[in-house]
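**Q** Residue-level listing of the chains:
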Amino acid sequence: MPWDDDTQPKKGPTRRKNPWDTHAKPGQSDAPRGAGPSRPGAEQDDIYAMLKRAQENFRKGGNGNGDGGGNGPVGDFFRWSGPLGGIGMIVVVVLLLWLASGFYLVQPNEQAVVVTFGKYTRSDELPGLKYRLPLPLQSHQIVDVTTERRIEVGYRGDGSGRGVTRISATDIPDESLMLTGDENIIDIDYVVLWRVSNARDYLYSIRNPEDTIKIVAESAMREVIGRTKIQLALTEARSQIQSDTRVLMQKMLDEYKAGVTINNIQLQKVDPPGPVIDAFNDVQRARQEREQSRNQAEAYRNDILPRARGESEKLRQQAEAYKQEVMDRATGDASRFNAIYKAYQNAKDVTAQRMYLETMEQVILNAQTIILDDKGGGALPYLSLNEMRRPPASNAPAAAAAP
Amino acid sequence: MPQNAGYMFGLLALVLVVLASSMFTVSETQQVLVLQFGEVRQQIKQPGLHFKMPLIQQTKFYEKRILHVDPPPEDVILADQKRMRVDVFARYQITDMLKFFQALNNEATASQRLSSIINASVRSQLGRATIIGVLSEKRDVLMEQIQNDVNTETGRFGIRIVDVRIVRADLPEQVMESTFNRMRSEREREAREARAQGEEMALEIRATADKEKTILLAQAIRDSQIIRGQGDEAAIKLYGDAFNRDPSFYAFYRSLEAYRTSLADPSKTLVLSPSNEFFRHFQKGGKP
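Going down the list, the sequences are from chains X and A.
Using this note's numbering, read the first sequence as starting at 2 and increasing by one per residue.
Using this note's numbering, read the second sequence as starting at 233 and increasing by one per residue.
No lab work stands behind these hints: they were computed from the structure.
Hints are supplied without guarantee of correctness; some may be wrong.
Pairs of lysine-lysine residues, derived as PhoX-like cross-links and limited to a Cα-Cα distance of at most 20 Å, are as follows [unchecked claim]:
1. Lys270/X with Lys315/X
2. Lys277/A with Lys258/X
3. Lys120/X with Lys131/X
4. Lys331/A with Lys370/A
5. Lys284/A with Lys120/X
6. Lys252/X with Lys215/X
7. Lys230/X with Lys370/A
8. Lys331/A with Lys314/A
9. Lys252/X with Lys370/A
10. Lys445/A with Lys315/X
11. Lys314/A with Lys277/A
12. Lys120/X with Lys370/A
13. Lys120/X with Lys292/A
With the sequences and hints as input, model every part of the structure.
**A** Below you can see the structure in the form of structure tokens.
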């Protein structure tokens with residue numbers, strides 16, 4: 002279109018920009034007021050960026066449709082008002098831009114709350130491109146409702162408090178030391194994981210929700226620990242503590258209509274406090290030592306008892322062997338005697354004589370023998386004990402010669 | 233024509249200014265008091281667009297959300313004479329702006345006044361409680377009583393106390409050290425007990441094992457003696473049965489055997505008389 006080429010490049014951009022800027026600035030400065038003190042600056046930037054995006058969309062649409070004739074009536078209007086000059090056109094453009102500033106985007110993780118002159122009008126719970134009346138009639142606030150946020154109690158992670166890993170965590174004893182039900186002191190660090198469940202309540206019920214969540218967490222944790230004995234808290238009651246604290250926190254926050262869901266309480270560190278940790282560790286050591294003593298004693302038992310069993314079995318077997326031995330020997334001796342006796346009975350005297358002589362023969366053959374006539378009195382029965390101890394070989398001839 | 237336009241423009245501007253100064257919006261988080269020369273004309277709790285007389289009426293915005301008071305921690309002496317450092321917090325809402333405006337005017341004063349009222353109530357309520365009560369059993373009841381106390385006191389301020397809670401109930405620093413000492417001694421008790429139990433078990437196990445060993449060996453010796461005795465018994469019976477048939481022959485037979493085994497040895501020296509039966513024929517000469 003010819004007018005496009007003539008007017009737009011020269012006047013269009015400046016005229017469009019200026020009216021937009023004048024509107025955009027109050028819009029921008031209005032946003033923080035509506036947002037309240039709890040709104041972080043980043044989200045204001047988001048809103049601004051979104052307005053900006055909407056503005057750009059609009060500009061693109063305007064240019065594109067100028068050719069296609071989709072905005073025919075607008076084009077016609079410009080053409081009719083041609084003779085009247087730019088004023089009408091400026092007004093219309095400004096009006097359109099102003100109306101277009103009501104577009105905004107809701108991301109899938111967000112909810113938007115729309116207010117009309119500050120009064121709550123609606124919540125956008127589904128994502129997409131949304132429209133509200135432009136400022137100052139309506140405004141909106143966007144809240145992230147899916148991101149899980151963390152609050153660390155008892156320690157601070159790497160400064161930001163959002164770090165997943167605990168690098169150079171600093172302990173805060175004021176927050177982490179608490180009294181247990183049996184009047185002991187325990188050192189607990191934990192993380193509260195929460196998210197916004199209802200954007201409207203989150204924005205309008207409590208002035209500083211994050212601080213509130215933290216103080217509620219401390220109060221709830223201390224109440225739960227105050228009912229728990231230290232030994233349990235250090236050992237098996239951990240999951241119980243986590244769930245009890247979560248339930249208690251949720252109950253309190255629901256009473257405030259905080260619009261917040263506590264997803265989880267994670268106990269990071271549950272220890273006895275520093276000055277007594279040695280004593281607690283010593284108990285653990287003592288328990289280990291107890292087991293050690295027992296194991297060693299059992300080892301001793303396992304060492305000596307099998308040996309004793311073996312020893313006693315050995316004694317029994319030896320006895321059995323002895324028994325068998327003496328019985329067998331007796332049986333043998335008895336039957337030998339019986340056999341000899343049987344033979345002896347046939348020729349008693351001769352046999353006895355023979356047995357005697359054979360025995361004496363053997364005895365005298367082997368032993369040294371001195372025959373001494375006790376009636377003759379010729380030789381003094383003098384026995385040299387020394388000589389008798391001498392080896393038999395040298396003594397034998399002398400002895401033999403004597404009789 | 234240009235003059236008229238000028239007037240028109242001026243009038244329009246004036247109307248705009250008047251309108252602008254008479255309109256105001258109240259957000260969901262706010263409530264507003266409209267004052268005329270310091271006198272309250274309106275209490276606005278509904279959010280939205282509202283009007284006031286321009287110039288002569290002023291607005292005072294108050295918070296509608298739940299607010300927070302955190303009085304400084306206090307050392308309290310409990311009924312059992314134990315000292316505790318107690319930190320409470322309270323949540324309140326401004327319910328009656330007129331009373332609030334008259335009595336306190338702003339949040340800073342409110343916070344101060346509430347703090348001292350809350351701490352006074354904490355002192356008196358906890359002064360009747362024991363440490364165990366504060367820690368567990370009666371914590372809920374105590375918090376509720378404090379809340380009631382404070383609510384009756386603060387009704388005239390146009391404030392509703394939503395909640396009073398004990399955040400921390402800790403031992404003061406002076407008591408910490410003795411508590412740690414007590415905790416240490418308790419652990420020491422436990423540790424010593426565990427060690428002694430270890431010793432106990434070890435001694436018992438060892439002694440039992442020793443006993444079992446002794447018994448096992450004694451039983452074995454008993455058994456072996458019984459068995460040996462049985463063997464001896466059987467042997468004696470066998471010998472007796474055999475030898476009883478002719479005791480004199482047995483004596484003869486056994487003596488010969490004994491001579492053979494004990495005397496037929498080169499280390500033995502026998503001194504025999506020629507009259508010995510063995511030498512009978514030696515002396516008699518060739519006669520049988």
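**Q** Against this structure, judge whether each hint is valid.
**A** Status of each hint after checking the structure:
For the given pair, Lys270/X sits about 61 Å from Lys315/X by alpha-carbon distance, which is inconsistent with the 20 Å threshold. Proximity of Lys277/A to Lys258/X is assessed by CA-CA distance (about 18 Å); at most 20 Å being required, the pair is judged to hold. Between Lys120/X and Lys131/X, the direct Cα distance comes to roughly 18 Å. Compliance with the 20 Å bound is thereby established for this hinted pair. A hinted pair counts as satisfied when its Cα atoms are at most 20 Å apart, and Lys331/A with Lys370/A does not qualify at roughly 34 Å.
Taking the CA atoms of Lys284/A and Lys120/X, the gap is about 18 Å. The hint holds against a cut of 20 Å. Among the hinted pairs, Lys252/X with Lys215/X is consistent with the structure: their alpha-carbon atoms are about 14 Å apart, no more than 20 Å. The hinted pair formed by Lys230/X and Lys370/A meets the criterion: a straight-line CA distance of about 16 Å does not exceed 20 Å. Our distance criterion of 20 Å between C-alpha atoms is broken by Lys331/A and Lys314/A, whose separation comes to about 39 Å.
For the suggested pair Lys252/X and Lys370/A, the alpha carbons sit about 18 Å apart, so the restraint of at most 20 Å is met. Restraint check: the Cα-Cα separation between Lys445/A and Lys315/X comes to about 14 Å, which is no more than 20 Å; the hinted pair holds. Taking the CA atoms of Lys314/A and Lys277/A, the gap is about 47 Å. The hint is violated against a cut of 20 Å. Taking the CA atoms of Lys120/X and Lys370/A, the gap is near 42 Å; set against the 20 Å cutoff, the hint is violated.
For the suggested pair Lys120/X and Lys292/A, the alpha carbons sit about 18 Å apart, so the restraint of at most 20 Å is met.
The structure does not agree with the numbered hints 1, 4, 8, 11 and 12 stated previously, though it agrees with the rest.
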